[in-house]
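S.K.: Please build the complete structure, drawing on both the sequences and the hints.
There are 2 protein chains.
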Amino acid sequence: MAAHTISTAGTVNEDLAKERAKCNFNIEEVTNLLDGGKENTIKRKNIENISLDSGAHIDKIPEECLGPKERYENAVRKSCVYAKIVRDEVLTMTGMESFGSPVLRRTSDAFFKEISPFLLHLGMFVPTIMGQATPEQQAQWLPRALNMEILGTYAQTELGHGTFIRGLETTATYDPETEEFIFHSPTLTAYKWWGGGLGKTVNYCIVVAQLYTKGVCYGTHPFLVQIRDEDTHMPLPGVFVGEVGPRMGFHTADNGYLGFDHHRVPRMNMLMKNAQVLKDGTYVKSAKHGKLSYGTMVFVRVELVYEVAFNLAKAVTIATRYSAVRRQCQPRPDQPEPQILDYVTQQHKLFIGIATAHALQFTGYWLWDTFARVIGEMKEGKTDTLPELHALASCLKAVSTSDAASLIEQCRFACGGHGYMASSNLPALYTFVTATRTYEGDYTVLLLQTARYLIKAWEQAEEGKAMTPTVSYLVHSAYNRKAKWDNSCEGITRAFYAVAAGKIEASVNSIRRRMKTGLSFEDAWELTTVQLVAAAEAHCRAVISDTYWKETERMTSSSSAAVRSVMRQLNELFLVYWVLERTGDLLMYSTISGKDIIELQQRYEELLSQLRPNAVGLVEAFDFRDEILNSTLGAYDGRVYERLMEEALKSPLNAEPVNQSFHQHLKPFMQGKL
Amino acid sequence: MAAHTISTAGTVNEDLAKERAKCNFNIEEVTNLLDGGKENTIKRKNIENISLDSGAHIDKIPEECLGPKERYENAVRKSCVYAKIVRDEVLTMTGMESFGSPVLRRTSDAFFKEISPFLLHLGMFVPTIMGQATPEQQAQWLPRALNMEILGTYAQTELGHGTFIRGLETTATYDPETEEFIFHSPTLTAYKWWGGGLGKTVNYCIVVAQLYTKGVCYGTHPFLVQIRDEDTHMPLPGVFVGEVGPRMGFHTADNGYLGFDHHRVPRMNMLMKNAQVLKDGTYVKSAKHGKLSYGTMVFVRVELVYEVAFNLAKAVTIATRYSAVRRQCQPRPDQPEPQILDYVTQQHKLFIGIATAHALQFTGYWLWDTFARVIGEMKEGKTDTLPELHALASCLKAVSTSDAASLIEQCRFACGGHGYMASSNLPALYTFVTATRTYEGDYTVLLLQTARYLIKAWEQAEEGKAMTPTVSYLVHSAYNRKAKWDNSCEGITRAFYAVAAGKIEASVNSIRRRMKTGLSFEDAWELTTVQLVAAAEAHCRAVISDTYWKETERMTSSSSAAVRSVMRQLNELFLVYWVLERTGDLLMYSTISGKDIIELQQRYEELLSQLRPNAVGLVEAFDFRDEILNSTLGAYDGRVYERLMEEALKSPLNAEPVNQSFHQHLKPFMQGKL
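Protein chains in written order, with UniProt numbering: chain A, 1 to 674; chain B, 1 to 674.
Mixed in with the good hints, there may be bad ones.
Dumping the calculated DSS-like pairs for lysine-lysine here, alpha-carbon to alpha-carbon at most 27 Å [to be verified]: (1) B:K379 - B:K285; (2) A:K482 - B:K595; (3) A:K595 - A:K484; (4) A:K550 - A:K38; (5) B:K379 - A:K667; (6) A:K456 - B:K595; (7) B:K482 - A:K484; (8) A:K84 - B:K673; (9) B:K45 - B:K84; (10) B:K482 - B:K456; (11) A:K482 - A:K550; (12) B:K45 - B:K60; (13) B:K214 - B:K273; (14) B:K482 - A:K482; (15) A:K456 - A:K382; (16) B:K273 - A:K595; (17) B:K595 - A:K484; (18) B:K60 - A:K673; (19) A:K60 - B:K667; (20) A:K379 - A:K465; (21) A:K214 - A:K279; (22) A:K595 - B:K456; (23) B:K38 - B:K22; (24) B:K595 - A:K516; (25) B:K273 - B:K285; (26) A:K285 - A:K214; (27) B:K516 - A:K595; (28) A:K595 - B:K482; (29) A:K60 - A:K45; (30) B:K45 - A:K84; (31) B:K84 - A:K673; (32) A:K595 - B:K595; (33) A:K482 - B:K484; (34) A:K465 - A:K484; (35) B:K673 - A:K60; (36) A:K667 - B:K22.
Hints are computed from structural coordinates only; laboratory data are not their basis.
M.R.: Written out as structure tokens, the structure is:
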């Protein structure tokens, strides 16, 4: 292209500069709130500086320009570099407290557009050893794993089995003669599928298999299985391992398959904290059974709420900055084209994204505290709050991943054609986050788990039993069907609880009506599942709305007036948005009127206009370094068009003026010689 | 992997075979309905046989396993092969009537997962010459273009300008001395961006530029510009052309950028049907002005309604067949894991997809007939129905592309983790179709164009003027605010019109209220756009519901009883689904009650269960050859797991047991030697 056209490096887009001048609150104050305190912001920035200032994360060729093999190889190279920085520099500064922290996860996004093949080593392999191995086993394996002398992953899901863990087919049969387990995949559908890093990277693996000993099956148990030779990296005999092939995203995760043909593993590689097989083959269950390992599953779901909130914050930062730079159309002939951020429909697409990123992050914090409390109680032997936490984490995981993915996609739509460019980073954010809707518990399956808890809670409320906190609203509503409407934030959250109660009651009635016709509970339940999913979702939205509102009040209680004001506007926007999305439910289960709805529509439009001057300030409070956003449209300097062209010029197709396919195919074809 | 595990080639999955036996209607009869008659089905199959039986479409390595450059080169190779088949075999059989037909488009999907770099040659380049060149120009250019001795594309959108065509910056300045136009890109944002095939493939291009002559700008006009040397394919001097870089989809389309530095083009390369520049530089507008070229834009939008319906049909075929094969969970311990198609939540996700594919296809047919009639009238000088058609095509393009994309994604979700595998073809279907929401008119922009027409229509209804057919409901509703509810299909569509009328009225009231405070109409309009978008969407949904219902009745009037029954069930499912999605609007604008809603929820669940035995039959009536579906999950034989593994084994990462990155990076790192 012509050399004269890119010449603005080092400058900042004027419109963005004006937006920054317009912001009426202290951005750093909000950043500190979001980080959970000023000292956390300082520590985060420190870690980011150490990790990124060397420039080790920079790709010469954008990774989308590589083939899948080269892309994987590049990810391995960078994983080693990044892991070394973390091990040798970050952790020596912060100590082990940063190990696996969201800050490190956030920083790693500058290295990996999507994911490192090492992710499950730290995310699942090490935690499983910590949680399910005996102290002796931990002493043997953990030091090497933490020092990354061995690399592992976690293999549970099989080609034929995901949700239904009891249906897993891989067998581990104990042979007392040699004191070994024989691992075997009896069918194709028994092959493990999806393990991140499993395809080519790891040499060890946690394998979940059906344990057989003395002719009896004791169900699924975790084992630590070596799958590759430590020196040559060759798959061990009887181990069939490879990559599952191209995916929608996760391009650098080398998700793998794994099958066994009578592969032998020492007895002591069974993770024996919760159950053991003795030398003679006797199966012994530990006194403390597996409730705590159930806790790990909940833990991963809680983490996902954070993670998707963080990715949504990235997307809305990109789209909001771009909307300040982009100018389009001309509503009035005497004026220049407006910034697209001035269009109310654009504000409608973006501001709910900012608000939802806050709502999910605050709810995530609160869920984390709840989780920590429950774990503490469990250690003291009190496990009765675990079902509530499980029900809560299930629906929050489902709704937060689904909402975040939709809103990221909405940010992409809001950037028009340029949002479709890989260099905007919006496609990768979407394809990455949409996967979270499925893994670690599918959306529909999880909402039905929550629904099961809610139906039981409803029955307990009917019986006058004591209710746990998050379902205490059912007691009240059972006798007070239509919530009295008022337009305040408190009134709105109360009405959302009434909607949830109403939908739970309607589901209960449907199930009972069906049982009266002679159906079993399970059949009646199955026929009502569409309504049950909706009821669990309504419950979850009520909890998120309530938590976001209360946490905003609490967290901003000592903030400056300007910060409190903008945070409240955002919070109110969120609540009113969901009222307008759910008018049907509210007309059914509260006394809201058509007039109220018209007024709230006006209020919503007012809030958009109040938030407009602070929009860029609000997204900049998320405080993303350009390296982490990784976006031509979202960089701090707003050099949108220059960056789009700079990235285009890196495409390998642009390395030569004429592609070889012209000579080979195109020319003979056009000349009729093919 | 172990050789013993894949051994079922040639067999058909038992569950799928049972589904086929269960279907209670004649599948071919529905296929004929969808094709528009038995003779069309025969012709389509004939074209598919000619194109696909040679196996020329088969890739040895899945295209996702290639890097972007190799993927493009493969697409060029196959484009030449496919174009040759079409030119030499298909068209010699069918004559030119198949040229550019949906059947050819459908068949080409077996060759290109997404798109051929030649697509815009036939889709935009040739039609623009036909529509906007003079007969003399056509005689000069068309034979070479149709014979593909030259290849072209269409370049309108610029880096800085999409929606707002008047804002385009590329200039074509006439120089009477040499009788040439001087093409120039004055800024970076003036660079053309997105043209399919522009990056590396085409040698000619329709360029839309601001025409200057005698110092006056006459606005944007189309020109035919040669950009590459026909023999060497080198870009001509003053032409800067290349590929825009990786995108979310369209990986093989080599979308390009194009800039000019005082590039000279002969005067006669201006497309002169509607306007001319004489030798001396005098600008002359033709008597017949550009209404017909406006028709071309509408034509492309009408075509998109078909195209997305077709892609949705593919997705739902894949997901439904997979759901018949996949078994998961165990609601009752004494029974085997059920087919996931038996879960009501799964039916809820899929059957609306089947119904929507029908609804959009039927609406597309009807829109096509309407379009043909309007074009006929225009040729007789009657252009007053064009605004209505434009308003209709705009909202239908917006809603159909958006709905199809969401429902394709829902099909992907319904396939769990395996839906994330590229080999399912669901990711490519989504990333391809989601782009249609943006190009040829962005979702929000198009709905606002329809809204503008609707607001005018509302004012005309108030004034008692005659109304065109699709907005005649506004006359009635203006005096009859709350539609009397009844649960029949006719009652439902009537209520949907009442919702549209109610939302249009509410928007009018908002605009007027704002104008009373002193705002101009344009400012009041802008502040009301969120409501206006919703009103236009409601109008569109009413039209689709009404059309789908009436067309189902009309098209099945001479069908067998079984076919009529299943088609009506699907139609009713569609209507009831949308009632349940829009209860808030219906409670506002009709007399529907809470009791009605509960009854309709039950009716919906009944319809799911009635459709269940015919689900596989219904998707097989779309009659997709395996080559066109291109999916491990959706093939006719249901060998889901075998195909997943077969495809995985083609991944280049699986070509060698140990990837080189182990020796280069991983081993030194793990041994602490990095």
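S.K.: Next step is simple, just say for each hint if it's right about the structure.
M.R.: Hints, verified against the model:
no. : hint            : result
1   : B:K379 - B:K285 : 19 Å, holds
2   : A:K482 - B:K595 : 15 Å, holds
3   : A:K595 - A:K484 : 15 Å, holds
4   : A:K550 - A:K38  : 21 Å, holds
5   : B:K379 - A:K667 : 40 Å, violated
6   : A:K456 - B:K595 : 25 Å, holds
7   : B:K482 - A:K484 : 24 Å, holds
8   : A:K84 - B:K673  : 11 Å, holds
9   : B:K45 - B:K84   : 19 Å, holds
10  : B:K482 - B:K456 : 22 Å, holds
11  : A:K482 - A:K550 : 23 Å, holds
12  : B:K45 - B:K60   : 25 Å, holds
13  : B:K214 - B:K273 : 21 Å, holds
14  : B:K482 - A:K482 : 23 Å, holds
15  : A:K456 - A:K382 : 20 Å, holds
16  : B:K273 - A:K595 : 55 Å, violated
17  : B:K595 - A:K484 : 20 Å, holds
18  : B:K60 - A:K673  : 25 Å, holds
19  : A:K60 - B:K667  : 24 Å, holds
20  : A:K379 - A:K465 : 26 Å, holds
21  : A:K214 - A:K279 : 12 Å, holds
22  : A:K595 - B:K456 : 25 Å, holds
23  : B:K38 - B:K22   : 24 Å, holds
24  : B:K595 - A:K516 : 20 Å, holds
25  : B:K273 - B:K285 : 9 Å, holds
26  : A:K285 - A:K214 : 15 Å, holds
27  : B:K516 - A:K595 : 20 Å, holds
28  : A:K595 - B:K482 : 15 Å, holds
29  : A:K60 - A:K45   : 25 Å, holds
30  : B:K45 - A:K84   : 59 Å, violated
31  : B:K84 - A:K673  : 11 Å, holds
32  : A:K595 - B:K595 : 22 Å, holds
33  : A:K482 - B:K484 : 24 Å, holds
34  : A:K465 - A:K484 : 25 Å, holds
35  : B:K673 - A:K60  : 25 Å, holds
36  : A:K667 - B:K22  : 53 Å, violated
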